[in-house]
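> Here is how the chains run, residue by residue.
There are 4 protein chains.
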Amino acid sequence: MSYQQHQQLLETLHACMAACNHCYDACLKEENVKMMAPCIRLDRECADICHYLESAITRNSPFVSQLASVCAEICTACGEECKKHEYDHCQKCVDACFQCAEACKSIA
Amino acid sequence: MSYQQHQQLLETLHACMAACNHCYDACLKEENVKMMAPCIRLDRECADICHYLESAITRNSPFVSQLASVCAEICTACGEECKKHEYDHCQKCVDACFQCAEACKSIA
Amino acid sequence: MSYQQHQQLLETLHACMAACNHCYDACLKEENVKMMAPCIRLDRECADICHYLESAITRNSPFVSQLASVCAEICTACGEECKKHEYDHCQKCVDACFQCAEACKSIA
Amino acid sequence: MSYQQHQQLLETLHACMAACNHCYDACLKEENVKMMAPCIRLDRECADICHYLESAITRNSPFVSQLASVCAEICTACGEECKKHEYDHCQKCVDACFQCAEACKSIA
Numbered sequence: 001m002s003y004q005q006h007q008q009l010l011e012t013l014h015a016c017m018a019a020c021n022h023c024y025d026a027c028l029k030e031e032n033v034k035m036m037a038p039c040i041r042l043d044r045e046c047a048d049i050c051h052y053l054e055s056a057i058t059r060n061s062p063f064v065s066q067l068a069s070v071c072a073e074i075c076t077a078c079g080e081e082c083k084k085h086e087y088d089h090c091q092k093c094v095d096a097c098f099q100c101a102e103a104c105k106s107i108a
Numbered sequence: 001m002s003y004q005q006h007q008q009l010l011e012t013l014h015a016c017m018a019a020c021n022h023c024y025d026a027c028l029k030e031e032n033v034k035m036m037a038p039c040i041r042l043d044r045e046c047a048d049i050c051h052y053l054e055s056a057i058t059r060n061s062p063f064v065s066q067l068a069s070v071c072a073e074i075c076t077a078c079g080e081e082c083k084k085h086e087y088d089h090c091q092k093c094v095d096a097c098f099q100c101a102e103a104c105k106s107i108a
Numbered sequence: 001m002s003y004q005q006h007q008q009l010l011e012t013l014h015a016c017m018a019a020c021n022h023c024y025d026a027c028l029k030e031e032n033v034k035m036m037a038p039c040i041r042l043d044r045e046c047a048d049i050c051h052y053l054e055s056a057i058t059r060n061s062p063f064v065s066q067l068a069s070v071c072a073e074i075c076t077a078c079g080e081e082c083k084k085h086e087y088d089h090c091q092k093c094v095d096a097c098f099q100c101a102e103a104c105k106s107i108a
Numbered sequence: 001m002s003y004q005q006h007q008q009l010l011e012t013l014h015a016c017m018a019a020c021n022h023c024y025d026a027c028l029k030e031e032n033v034k035m036m037a038p039c040i041r042l043d044r045e046c047a048d049i050c051h052y053l054e055s056a057i058t059r060n061s062p063f064v065s066q067l068a069s070v071c072a073e074i075c076t077a078c079g080e081e082c083k084k085h086e087y088d089h090c091q092k093c094v095d096a097c098f099q100c101a102e103a104c105k106s107i108a
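Residue numbers (UniProt numbering), protein chains in the order written: chain A, 1 to 108; chain B, 1 to 108; chain C, 1 to 108; chain D, 1 to 108.
Just so you know, these hints were derived from the structure itself, not from any lab. Accuracy of the hints is not assured; some may be wrong.
Listed below are the simulated DMTMM-like cross-link pairs for lysine to aspartate or glutamate, each with C-alpha atoms no more than 25 Å apart in a straight line [as the list claims (entries may be wrong)]:
id, chain 1, residue 1, chain 2, residue 2
1, B, Lys34, C, Glu31
2, A, Lys83, A, Glu11
3, B, Lys83, C, Glu30
4, B, Lys92, B, Glu102
A quick note: this is a predicted structure, and the numbers were derived from the prediction, not measured.
So here's chain A without its partners, still in its complex pose (with noise of 0.2 Å):
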């Protein structure tokens, strides 16, 4: 699939990728890191892969839909570990995680 038709899920992973690592940021920042660390780990592994699905998207990679399936696993990992904490940067990391887990399996 060529780059544009891929525009809408680009925007998705950006997004994910950069609610990701700020949420990375922020928890590093919180007064119980420990209790933080498993989202941290999390964080890190689906930014990066967001983020490298991004670029592989773009360049046309062929393996895109294998790549996506591993995203979306990761994204809802991250998601599921996000959502035990109340931090509004792990709230928008939630709903970030959640729906780009969904555009990856609509293309996995």
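Once you've looked at the hints, dock chains B, C and D against the given chain A.
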């Protein structure tokens, strides 16, 4: 700086990454690929560093300024190379690269 | 799994990444670049995913298995393409890719 | 420079990437994660830039020197932070970071 303040920069970097990866993909499909070899190479360099800087900004990296300085240089080199070719994908890449180089210089 | 247990896998991934990026560089310098276009594309895909998996393993990512499965598929595709060309850089890449595909399958 | 000439540098970069990602993983498992927050952040920064430079060298990027200069700075910052902590993973990271900083300076 917060990632909100950098929203405009993020969009510029993202647009440049997408334009470079699209140009890379299109160059590989041209009849005269040999002529486009330097463009293919620089497109990858530029897409990758823009992508890297995007992630660095969103995770509030302490090294955004230094990375932006390198990114500006790579964007300029890629824009100069694309300027030599009349293909639509190259001309779009010129604009994206030079705009991104300026944006990067402003924070370097 | 610990990153010590994966020392061998890391070396295999690293060797594959280096072989693919070297092949990419060499293909761009060949006389008949057009013929090498699919190889250039797959070299980048393969180098990038091997690289990504290397980092994921060293940071103890919970998603190593899924990523290894995609990596195995990309390594195989890149090895199959390189097999078509007699250049030394392509033949070295074939070996690195198929060895890496096997290593990835063993943990997928 | 060819990637053969850079074999030693590649190993140093790879060792630093692995040490930083291992330290990142270990820090997230420590009792006092809050104390390790700056280390976690710098470990990711340092692992990512070493990783990036490794790939740039193997693909014969024209921008290795500029990237190495930024990498040296990030390695130094990460090493200085890890020096504050007596954990084995931090002390190993100190050595890897300072060695990598020197190697990067020599080509910057």
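> For which of the previously enumerated hints does the structure constitute a violation, in increasing order of number?
When the structure is compared with the hints, none of them turns out to be violated.
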